[in-house]
Amino acid sequence: MTDLRYKTAIVGASETTLLGEIPHQSEFQLHVDASLNAINDCGIERDQIDGIATTMNPAALGHYLGIEPNWVDNTQVGGTSFLMHVRHAAAAIVAGLCTTVLVSMAQSGRSRVGEIGPRIGSPIHSNDPVRDTSFPGQFESIYGVMGPTTQFGMGVLRYMKDFGLTHEQLASVPVAQRRWSSKVPRAMYRDIISVGDVMESRMICYPFHLLECCLVTDGGGALILTKSDRVDDFPTSPVFILGTGESIETPIISQMSDFTSSAAFKISASKAFGEAGIRHEEVDHLMIYDAFAHLPIYGLEDLGFLGRGDAGAFIAEGNTSPGGILPMNTNGGGLSYTHTGMYGMFAIQESVRQIRGEASHQVDDVQISFCQGVGGMFMAAGSLIFTNQFPGNRDIN
Amino acid sequence: MCSLENNNYRKPLPVPTPDSEKFWHMAARHELWIQKCLDCIKAFFYPRMVCPDCLSKNVEWFEASGKGTLHTYMINHRAAPGFEREVPYAIAIVQLAEGPRMMTNIVGVQNTPENLVLDMPLRVVFDDVTESISIPKWEPDI
Chain A
0 MTDLRYKTAI VGASETTLLG EIPHQSEFQL HVDASLNAIN DCGIERDQID GIATTMNPAA
60 LGHYLGIEPN WVDNTQVGGT SFLMHVRHAA AAIVAGLCTT VLVSMAQSGR SRVGEIGPRI
120 GSPIHSNDPV RDTSFPGQFE SIYGVMGPTT QFGMGVLRYM KDFGLTHEQL ASVPVAQRRW
180 SSKVPRAMYR DIISVGDVME SRMICYPFHL LECCLVTDGG GALILTKSDR VDDFPTSPVF
240 ILGTGESIET PIISQMSDFT SSAAFKISAS KAFGEAGIRH EEVDHLMIYD AFAHLPIYGL
300 EDLGFLGRGD AGAFIAEGNT SPGGILPMNT NGGGLSYTHT GMYGMFAIQE SVRQIRGEAS
360 HQVDDVQISF CQGVGGMFMA AGSLIFTNQF PGNRDIN
Chain B
0 MCSLENNNYR KPLPVPTPDS EKFWHMAARH ELWIQKCLDC IKAFFYPRMV CPDCLSKNVE
60 WFEASGKGTL HTYMINHRAA PGFEREVPYA IAIVQLAEGP RMMTNIVGVQ NTPENLVLDM
120 PLRVVFDDVT ESISIPKWEP DI
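Protein chains in written order, with numbering that gives the first Met the number 0: chain A, 0 to 396; chain B, 0 to 141.
Errors might be hidden in some of the hints.
What the hints assert, rightly or not - On the chain B side, residues computed to face chain A include the following (Cβ under 8 Å):
id, residue
1, P11
2, P15
3, V49
4, I74
5, R100
6, N104
Stated by the list, open to error - What the simulated footprint calls covered on chain B by chain A, stretch by stretch (three residues with Cβ under 8 Å from a Cβ of chain A suffice, anywhere in the stretch; the number is not a length):
id, stretch
7, 25-36
8, 63-72
Since the hints were derived computationally from the structure, they do not count as laboratory data. Where is the CB? At the ideal position from N, CA and C, for every residue including glycine.
Construct the complete structure from the given sequences, taking the supplied hints into account.
This is the structure:
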């Protein structure tokens, strides 16, 4: 028996203003038109909307409308996706993850103006740079960008000016993580390196040297998740989920509200801490998705472990290295262990191993692990807090 | 400025959409136009049908001053297709005097960390890359 019966209701609904042949509006504009009409239908204040479900990029739609969601759904399985969005939204509302969800759908199926989503059954062209009508396509790709390496670290020089971070401190991030990967057989890079080694590695996109950029590898990971009261049915040590969070900002890097901080990190992490009911000091182990060397620096501050401008020195002084007070990226991270493109699953897998006591470079007495993920270039963030302590049996608090 | 050589522009070209046509139409005339909300008076960029702050439809296009400052940047050492002759080149964020920020390239000065000083004043220039498209770029405003 599900718990959704009668628990939620649709209070606003509308189609686009026009229907049929609309050659003067892009597909994105149709999404916006439908969304605004639904908002007007019920008269809701924009700031009350805290969830978005759509087949287009929810970060793009959310940012356009000035919505800051606590919950997003991007399930895309063709024309029935929207019924699933409603179902998923109902479950999220009942679970308290959000209170009010915008579900949006639009297609320029006939006029094919500014198409975003793939057309089922047709060759996918949405990655075609020649026809990329998105805003990053129009206003960013024209300036010689070539993937995240040329954009993700855009805020670092501003962070250096505003907070005094040095190039050597940035270089200390991969140095710290090699101290962990040196004992991890599956890590791609295991040699101990120095700050000098990092600064002498090839300049890729100033201020990032080769060793400050993530690997590019193949691989994957999977999880099986079920209710906590079933853990004794399985031979594995349970990894309980204590806290969760998610957030999005924008897919357009030039539109970040603050280049020295991730708004999505802050919201996502604070949700997770709130749900878990733990203090920062209780975190024994930390994973911060490190596509590039600045992510752990931003993360330590945005997650609330350190004050503004303190993270570079904290890492450089060895506090996240083996023997330090806050072990971080203990598999070596995206900089040393592996990075296929979407590394978040590997961060989860290392948190799971540390919680189970089965990691290659195991930290002593791990009871709580905090796992932070990033999506796109600070476009999205997810946070998970894990524990091996049974409810009611925790040493914590 | 003109990058048009034998109609052989190899860099990515912007594909305007109905909501961005005004921007690109005015850029072709070497004018930088953005939008503002008439209700909350704030300027914004990228093009939208409504104000991102108050969702008002009372928005209009206006010509920006063309002045800004260098907010941050990276210098790319591996050429994107079409950029082989410019590498290393900066991919930068300019803060318009009106408030919004945009991505751009910096021209008129060699793109080195010594030359590109955060918060330095910039002014917009336009690169005619095809018969119908001009791309805004920014140079030091000295």
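Evaluation of the provided hints:
1. P11: holds, 5 Å
2. P15: holds, 7 Å
3. V49: For V49 (chain B), the interface hint holds, since the closest Cβ of chain A sits about 7 Å away, which is under 8 Å.
4. I74: holds, 4 Å
5. R100: holds, 6 Å
6. N104: holds, 5 Å
7. 25-36: With 0 residues in contact (Cβ-Cβ under 8 Å with chain A), the coverage given for the stretch 25-36 of chain B is violated.
8. 63-72: Contact hint for the stretch 63-72 of chain B vs chain A: holds, 3 residues under 8 Å.
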